[in-house]
Amino acid sequence: MDEIRVIYKKRRRLANKRLKILVLKPITEAFFGGPFMLSGAINAFRRLDHEVEVIPLEKYAVDQKRLNQLIWEVANSSPDFVFTLNFIGLFPIMVETMEKMELPHVSWFVDSPLAYLKEKEFISSYTVVFVCDRMYIRELNEFGFKHVYYLPGATDPKIFHRIREDIKDFRCNISFVGSSHARSLQAYRQMIGDGNAQRVLPQAIRLQIENPTLSMSDILEEIQKLLPPTVFLKDPEGEIRALLEQAAMAIYRKEIIEGVAEFGLHLYGDEGWRILLDEKVKIFNTLDYYTDLPKLYNASKISLNITLCGLKTTVNQRVFDVSACASFILTDYRKDLSGLFELGRDLICYRDSEELRALVRYYLKHPKERKEIAKRAQNLVLKEHTYVHRMDRLIRTLREIYGT
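Numbering of the sequence shown is given in our numbering, commencing with residue 2 and proceeding in unit increments.
These aren't lab readings, by the way, just hints derived from the structure by calculation.
C-beta atoms are modelled at their ideal positions from N, C-alpha and C, and glycine is treated no differently.
Take the hints with a grain of salt, since some may be wrong.
As the list claims (entries may be wrong) - Computed Cβ-Cβ distance ranges for the label pairs, DEER-style:
1. I56 / H367: 42 to 52 Å
2. F144 / N212: 32 to 42 Å
3. K121 / L215: 25 to 35 Å
4. I276 / G340: 32 to 42 Å
5. D50 / E401: 13 to 23 Å
6. G340 / A116: 21 to 31 Å
7. W73 / E370: 54 to 64 Å
8. N77 / R172: 49 to 59 Å
9. R139 / N212: 13 to 23 Å
10. Q65 / R172: 49 to 59 Å
To be verified - Here are the simulated DSBU-like pairs of lysine-lysine, each with C-alpha atoms no more than 30 Å apart in a straight line:
11. K313 / K384
12. K372 / K281
13. K121 / K313
14. K366 / K376
15. K147 / K336
16. K66 / K121
17. K26 / K384
Work the whole structure out from these sequences, hints included.
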């Protein structure tokens, strides 16, 4: 590995204006929720005039020979830094090698990092972590990461913009696009066959549904206090917490969807929705993110956002994508929204199903007001919330840490 370090250090130039960025692109099927954001980041790096090399990880199995080949390819590329999403594609030996090479590695967590970080071996003085949800900054610091920063989601206006043609088939009063999480709900229902589980887990689920910004870890900790001393909720790997969060998400989304079905909702998603919902809701197949989704956002009078429970203070990229189309969105409230938008002026939020119903009813009757809000949101998003803005900020942060 000493030879690799020498080869790399001769070419290190992080302070230079034009950087070389190596992106590890994971197998799409194993990459939950991130391929679109990864593509957005790659395109933004290039629009900022940086050189980008992408290594598709499907070429590499986890055996030692292939892993050594991947490490050598990373070193031979001689990048200024390595970029991943959610640490996917990294292994502890790679982090150790990159530290010896003094090669910065940057990972952007676009959902809960707790699902991915189980080993201290990922900690390095050359690891920089960005999180969409600032709630996780303290936990990551306590885990041992020195460089942790807030970087919210964004949009790509090359994909999401105003469209007037070829949208007739997508027209509707209100639409929602998203996963049902029905499989997690089924797994949870199998879990509660245990007597102790029947007593406590439904309480945890209901608390999460009614308070989606609460941490499931905190909920389980409070429930533990109510149990007899002989009953313990053992979850060292966080698997129960993650499953309960996903199961709660299924019920939460189901209740929200059922609450607005009467307004002519069109729902696009997986087959699990047909298990959760009755025939009152029109269910369509999933849409292509790059071609059909922008058309739907442009054709919908109202786009609905139901944020994942794993995002406690922030929202997903849908808020930015819809707004970039100058289309109107109703999203559930998250604390960080007030720092990204002027709430009530640029963005309208709901806090429960009843408030959502009232807002849907109002804005369907007030198209002029709806369009004015959507246009203000578009202007703000294009000015402050694109992937170019986010990756520029990421690189400026790296220069402050390693550029001298």
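How the hints compare with the structure:
In this structure, I56 and H367 meet the distance hint of 42 to 52 Å, their C-beta atoms being roughly 50 Å apart. Evaluation of the 32 to 42 Å hint for F144 and N212 yields a failure: the beta carbon distance comes to about 25 Å. Our hint of 25 to 35 Å for K121 and L215 holds, since their Cβ atoms are close to 27 Å apart. Range check, I276 to G340: about 38 Å between beta-carbon atoms, so the 32 to 42 Å window is met.
The beta-carbon spacing between D50 and E401, approximately 20 Å, falls within the hinted interval of 13 to 23 Å. Judged by the Cβ atoms, the range 21 to 31 Å given for G340 and A116 holds: they are separated by roughly 25 Å. Restraint check, W73 to E370: a C-beta distance of roughly 59 Å satisfies the suggested window 54 to 64 Å. Between N77 and R172 the beta carbons are some 52 Å apart, a value that agrees with the proposed interval 49 to 59 Å.
Distance hint check: the CB atoms of R139 and N212 are about 19 Å apart, consistent with the given range 13 to 23 Å. Restraint check, Q65 to R172: a C-beta distance of roughly 55 Å satisfies the suggested window 49 to 59 Å. For the proposed pair K313 and K384, the alpha carbon gap of about 25 Å is at most 30 Å, so the pair holds. Distance hint between K372 and K281 is fulfilled; the C-alpha atoms sit about 28 Å from each other, no more than 30 Å.
A distance of roughly 24 Å separates the Cα atoms of K121 and K313; the hinted pair therefore holds under the 30 Å criterion. At roughly 18 Å between alpha-carbon atoms, K366 and K376 fall within 30 Å of each other, so this suggested pair holds. Using a Cα cut-off of 30 Å, the hinted pair K147 and K336 holds, with the two alpha carbons roughly 25 Å apart. At most 30 Å may separate the alpha-carbon atoms for a hinted pair to count; K66 and K121 meet this at roughly 23 Å.
A C-alpha spacing of about 28 Å is found between K26 and K384, which places the hinted pair at or below 30 Å, so the restraint holds.
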